[in-house]
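Here the protein sequences line up with chains X and U, keeping their order.
Just so you know, we're using the numbering used here here: the first sequence kicks off at 1 and counts up by one.
Just so you know, we're using the numbering used here here: the second sequence kicks off at 249 and counts up by one.
By construction, these hints were calculated from the structure, which means they are not laboratory data.
Warning: the hint list may mix true and false statements.
So the derived list for chain X, only partly shown, Cβ under 10 Å to chain U, looks like this [to be verified]:
no. : residue
1   : D70
2   : G146
3   : R207
Which residues of chain U face chain X? A few of them, derived with a C-beta cut under 8 Å, are [unchecked claim]:
no. : residue
4   : R262
5   : A484
6   : R514
7   : P524
What you are looking at is a predicted structure, and each value in this text was computed from that prediction instead of being measured.
For glycine and all other residues, C-beta sits at the position ideal for the given N, C-alpha and C.
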Amino acid sequence: MLEIRCLRKRFGSLVAVNDISLTIEPGRILGVLGPNGAGKTTTVSMIAGLLSPDSGEILVDGQMLAGDRDPAKRKIGLVPQDLALYEELTAEDNLRFFGALYSLTGSALDHAMAAALTLVGLGDRMRDRVKTFSGGMKRRLNLAAGLLHDPDILLLDEPTVGVDPQSRNAIFDNLEELKDRGKALLYTTHYMEEAERLADRLVIIDRGQVVASDTLAGLYERVPAPAGGGRVSLESVFLSLTGKSLRD
Amino acid sequence: MLIPFLAMVRKDLRLFFTDRRAVLLTFAAPIAIASFIGSITQNAGRSAERTRISVAIVDEDGSTISKAIVAGVQKDENLTAVPTTAEEARERVRRGTTSVALIIPDGFGKSAGRSLFRPAGIEAKPQLDVLFDPSRTAEVGMVRGIFTEHAMQAVGQEMFSGATGRENIQQTLNDLDSSSIPADTRARLRTMLASVLAYQEALPARPQGGAGAIFSLPYTVREEAVTARANIAYNAYAHSVAGMAIQFLLFAMANHGIEILLERQRGIWKRLRSAPVSRYLILAGKAASGALISLTSLLISFGFAMLVFGVRIEGSVVGFAAICVACSVMAATLGVLVATLGNSPATARGLTTFAS
Numbered sequence: 001m002l003e004i005r006c007l008r009k010r011f012g013s014l015v016a017v018n019d020i021s022l023t024i025e026p027g028r029i030l031g032v033l034g035p036n037g038a039g040k041t042t043t044v045s046m047i048a049g050l051l052s053p054d055s056g057e058i059l060v061d062g063q064m065l066a067g068d069r070d071p072a073k074r075k076i077g078l079v080p081q082d083l084a085l086y087e088e089l090t091a092e093d094n095l096r097f098f099g100a101l102y103s104l105t106g107s108a109l110d111h112a113m114a115a116a117l118t119l120v121g122l123g124d125r126m127r128d129r130v131k132t133f134s135g136g137m138k139r140r141l142n143l144a145a146g147l148l149h150d151p152d153i154l155l156l157d158e159p160t161v162g163v164d165p166q167s168r169n170a171i172f173d174n175l176e177e178l179k180d181r182g183k184a185l186l187y188t189t190h191y192m193e194e195a196e197r198l199a200d201r202l203v204i205i206d207r208g209q210v211v212a213s214d215t216l217a218g219l220y221e222r223v224p225a226p227a228g229g230g231r232v233s234l235e236s237v238f239l240s241l242t243g244k245s246l247r248d
Numbered sequence: 249m250l251i252p253f254l255a256m257v258r259k260d261l262r263l264f265f266t267d268r269r270a271v272l273l274t275f276a277a278p279i280a281i282a283s284f285i286g287s288i289t290q291n292a293g294r295s296a297e298r299t300r301i302s303v304a305i306v307d308e309d310g311s312t313i314s315k316a317i318v319a320g321v322q323k324d325e326n327l328t329a330v331p332t333t334a335e336e337a338r339e340r341v342r343r344g345t346t347s348v349a350l351i352i353p354d355g356f357g358k359s360a361g362r363s364l365f366r367p368a369g370i371e372a373k374p375q376l377d378v379l380f381d382p383s384r385t386a387e388v389g390m391v392r393g394i395f396t397e398h399a400m401q402a403v404g405q406e407m408f409s410g411a412t413g414r415e416n417i418q419q420t421l422n423d424l425d426s427s428s429i430p431a432d433t434r435a436r437l438r439t440m441l442a443s444v445l446a447y448q449e450a451l452p453a454r455p456q457g458g459a460g461a462i463f464s465l466p467y468t469v470r471e472e473a474v475t476a477r478a479n480i481a482y483n484a485y486a487h488s489v490a491g492m493a494i495q496f497l498l499f500a501m502a503n504h505g506i507e508i509l510l511e512r513q514r515g516i517w518k519r520l521r522s523a524p525v526s527r528y529l530i531l532a533g534k535a536a537s538g539a540l541i542s543l544t545s546l547l548i549s550f551g552f553a554m555l556v557f558g559v560r561i562e563g564s565v566v567g568f569a570a571i572c573v574a575c576s577v578m579a580a581t582l583g584v585l586v587a588t589l590g591n592s593p594a595t596a597r598g599l600t601t602f603a604s
């Protein structure tokens, strides 16, 4: 469904993404883990068409994305790390606008809005201004805005930053439902427990390169079990692969 | 592409009209300020009393000529002349209460009278001191011109009909023989001065500058305010409303541009760019919504001016409409330019100040 081959991006002398390749299949969640500045957001930005790669290929259903207006972009939905919403507008007005960007109008748009709002549990707040929403509600609306055009591939860039456990749990439920509907999800996060709960496969990126790509079980096997006989944690795997030095 | 474009425009208009402060600033503020400025300039234009230049005048001479000059300057309808001392005059100019001070030095009358007929080189001409505020140099030229009128009138009057004139002409005639002027020129000058002297002696005594004055301004002046059409009264609100409307248009649209940068900061730009629409369409949507807001602002400002202050379009209505549309597009694209050149809202605000 989504295949990335040898993606590379440089900002001046800094190589942000260096030869990254990965694949996401329908009905699967690919977790992308990495320290700050590892290249996760740059990778997501290139897949979403926000940045042009210096080299490499991004294939959607076997076809390369070509420019801003490529209809294949309709197959991709982006849920950015920031709350990309107009706070002064109502939830309905926000979704109506973001839906129209994908040329959705009339009953098709109404149906898409209703479905997205129902999924994230905000159907009864659609006429309220976003600025009256809690942080968790805004995160859920941010997710709904990325789902309006019913994309096959959903790119989620740290979608649970700054939300309470209840909202986080609700978002996880939403994502699992989307996975069950056959969507392919790419999920970047700092939180190990999120990756452990959601991801079918994990890619760990450090300094712009893939340092590991495996299932959760496969990653656990890369690190020796603790001396006391306890269970290997994803965090210990992550730290063993990326090191303990602080990042900028 | 039309659906996303219209959605962009609709969303920006909705955002604008939800922000009451922005609406007030864009629509009401220019009307309020233009009304205030218009009322001042309109009253100034209607008043029979013209704006006068404040002048301090110092008469250190006290001669007939200098007194006539001071009297003429004080009567002049373009000046408000205050007789004072040299020190006070300098202080008034320094403080800015008076823009120009004229100091007529001792001996000015006699010397100026002699200099009227004497060829250059025989005697140094008297010097008039003009003190002025360097920030108001335009007024210096006007005062100098007005003073020249009164000085020439006073000196001419005295030289051709006054006692000082007779003395001066007699003195000049006496000095002619010892001058270095060529003999033929000297003879012609002697003939002329002798004729003037004879003419003076034949004149009955006349009051200075009075009805029978020999010298006066050799023309009269008819003033006419030229407006768009004949018989159309000047309406200061037409200017103040147009000026303020454009000024606030630029402010509002620069702010519209800053909104683009704020959208980028909030991550909204990423969502817009991830949709299958070109970046040009996104910017065109911004410019179109800005142009619509600008046009509405112009129409409200001019509509108010027409209804309340009787401002009328005296030229082509189509031309006026075209200029309004052009101004709106210009202001809207300024907003986009501000967003393009400023990487952050703070930089963009700095650019806006510079551009405005």
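Going through the hints against the structure:
no.: 1; hint: D70; in the structure: holds (6 Å)
no.: 2; hint: G146; in the structure: holds (8 Å)
no.: 3; hint: R207; in the structure: violated (24 Å)
no.: 4; hint: R262; in the structure: holds (6 Å)
no.: 5; hint: A484; in the structure: violated (39 Å)
no.: 6; hint: R514; in the structure: holds (6 Å)
no.: 7; hint: P524; in the structure: holds (4 Å)
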